[in-house]
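Protein chains: 2
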Amino acid sequence: MTTPEAREKAVLEAVRKRRELVNEAIPEELPIQRPERLYEASRYLLDAGGKRLRPTVLLTTAEALANVDPLTVDYREFPTLDGETIDIMDAAVSVEVIQSFTLIHDDIMDDDDLRRGVPAVHKEYDLETAILAGDTLYSKAFEIMLETGAKPERAVEALEILATTCTKICEGQSLDVTFENRAEVSPEEYLEMVEQKTAVLYAASACLPAILLGADDETIDALYGYGLDIGRAFQIQDDVLDLTVPSEKLGKQRGSDLVENKQTLITVHARSQGVDIEGLIDTNDVDAVTEAEIDDAVAKLEAAGSISYANETAQELVEQGKARLEVLPDNEARDLLCEIADYLIERGY
Amino acid sequence: MTTPEAREKAVLEAVRKRRELVNEAIPEELPIQRPERLYEASRYLLDAGGKRLRPTVLLTTAEALANVDPLTVDYREFPTLDGETIDIMDAAVSVEVIQSFTLIHDDIMDDDDLRRGVPAVHKEYDLETAILAGDTLYSKAFEIMLETGAKPERAVEALEILATTCTKICEGQSLDVTFENRAEVSPEEYLEMVEQKTAVLYAASACLPAILLGADDETIDALYGYGLDIGRAFQIQDDVLDLTVPSEKLGKQRGSDLVENKQTLITVHARSQGVDIEGLIDTNDVDAVTEAEIDDAVAKLEAAGSISYANETAQELVEQGKARLEVLPDNEARDLLCEIADYLIERGY
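These protein sequence lines map, in sequence, to chains U and Y.
Going by the working numbering, the residue at position 19 of the first sequence is 19; the numbering climbs one at a time, nothing skipped.
Going by the working numbering, the residue at position 85 of the second sequence is 85; the numbering climbs one at a time, nothing skipped.
Check each hint, because a few of them may be wrong.
Same chains, same names: a pair is fine if it fits in one copy or spans any two.
[Unchecked claim] Here are the simulated lysine to aspartate or glutamate pairs, EDC-like style, with alpha carbons at most 16 Å apart:
{"#": "1", "residue 1": "K168", "residue 2": "E36"}
{"#": "2", "residue 1": "K51", "residue 2": "D74"}
{"#": "3", "residue 1": "K168", "residue 2": "E143"}
{"#": "4", "residue 1": "K51", "residue 2": "E8"}
{"#": "5", "residue 1": "K262", "residue 2": "D285"}
{"#": "6", "residue 1": "K322", "residue 2": "E339"}
{"#": "7", "residue 1": "K300", "residue 2": "D276"}
{"#": "8", "residue 1": "K252", "residue 2": "D112"}
Hints were generated in silico from the structure; no laboratory data involved.
Please read all numbers here as calculations on a predicted model, not as lab measurements.
The task is simple: from the sequences and hints, build the whole structure.
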């Protein structure tokens, strides 16, 4: 039986190797060209780091589907299920580029100063450049997805997934903004928002290789479901970590969601248990809050059982997601997809 | 021989009929759905009006290619060159949706208050909603373009055009912003910026039906060139109109480009003739400028020959664009495309 520590080590190693390959591919697909300032701003957040979890899910799913040993086949000439080769790395870069576009625009909307430990793009550059950098990444993601060399009918289906995913992310972000001004949000509403805002890009990452490599509809649907489940679990865990991980490690102020009245599964649950969420933290200013205030708020949320509730919900989603992977051949890459699912809710940051 | 007045009447009538059909199609392709506020904001500018010139170019080009009499064939079941039918209206709506997305984000970047005589989306709603409304239209345009029912290989090519067009629009907008802070911009640099910021969407509008209906590469390229030429002419004329049309008719302050130090072909030419462009208008505040100041500035630009120079350049581009239409069958729709080209630089607003 694998211990969480051994699993975390294995996952981090697998992620690290794929991350290195994705990091090599990003400047190839998105070179700094004229106008330089625009492309520098577009690359700024991508170059600042990131775990590349979505591309890792995508590349590992491709390996599981093609039934090849992990990291033994060139992602740039990857075998389809009907004996051709495509560039599956393009698809991986495309979803990371979409992720980066949404972060740039989200940081403007939330007026967040920091991201990945560096200034947000609209702080490092300016509002105009940040809007435009996001817009550029948006169309570049479509251009890159069109370069895989997959059969036209598969490319069309992949682009449909990419476009509807982007639409859902916008809808989810819109719901998220609306929720900040609403006192009562049900756990179902919250989970719907998380599905649209976050989980759909994991779902796209998991099902895109199935589409591009030529898998059947049952497999495509099961992998989409896996991505939705682990994506929701990921966001719930992110909300837990926002309360429990020291600010230095988090790369931003711990508890900032609470200060900014963001709805999370934790606050939604706590309110249903009678906790006065608005009274937990006096200030709305992330720079003014004290660690002691946040410790006190977290203690109240723990007492209401809300953090346990979030952990249990995430755990259930991960189990459900893993069960969906039975459509895949039994191989090392499939095991890794299970471990990634576990890691998403066991990770410390 | 057609007089400009007769031509304007014919073009306006042709545009009006297609506009009505496009206006019917927009709510069908982009219904107000949950989250309502997001979709209302996304539709706000589309519903506020607009001449629908790009969709008109697209639909008329389709008619010329298919060699059918204008407005006699249902755009929703339009004949391809190889005997199938596709929904060419989807392509027309898609380019208009892209246009609307760029206007919403451009108005934020330029902090313009008015558009089409109504408040800009970030003024009517707020910054967050305007960013998100633009982002939603962006992916919706791709979704809608994917619904034409064209053969997959044609759909893929159409999406490549759409994606690269969006990238170029961002690059052009970035150059435009950079130019505001630069004293010296050459006419060549200015025309390159205009090509990327404005003309590429006309080029896409003209060549997309050729791609989707299955025309040959020579025809696709010629139509792309026609769109680039008339798009550049359109923008040059827009810059002339910004100086010469009364504010009420323009839907915004006349001369606002001069006040905001926007480079236009007119200012680029005038500077090369020794005119002190920065000294033409004292204020940088559109609300503070007087009509007399603008009259005085326009007189100086006229004296330097800069407005004539812009008019002549636009005229040459239109002639060049019309000549490219010889790849099309000689029919009524082709004549209309010539008339649209002439109209773009003869129009009074």
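Do the hints match the structure? See the list:
1. K168 x E36: Result: close only across copies, 13 Å inter versus 31 Å intra.
2. K51 x D74: Cα proximity of K51 and D74: none, with 21 Å in one copy and 50 Å across.
3. K168 x E143: between (20 Å within a copy, 12 Å between copies)
4. K51 x E8: within (13 Å within a copy, 58 Å between copies)
5. K262 x D285: within (13 Å within a copy, 38 Å between copies)
6. K322 x E339: within (9 Å within a copy, 62 Å between copies)
7. K300 x D276: Answer is within; shortest intra-copy Cα gap is 10 Å, inter-copy 67 Å.
8. K252 x D112: within (9 Å within a copy, 33 Å between copies)
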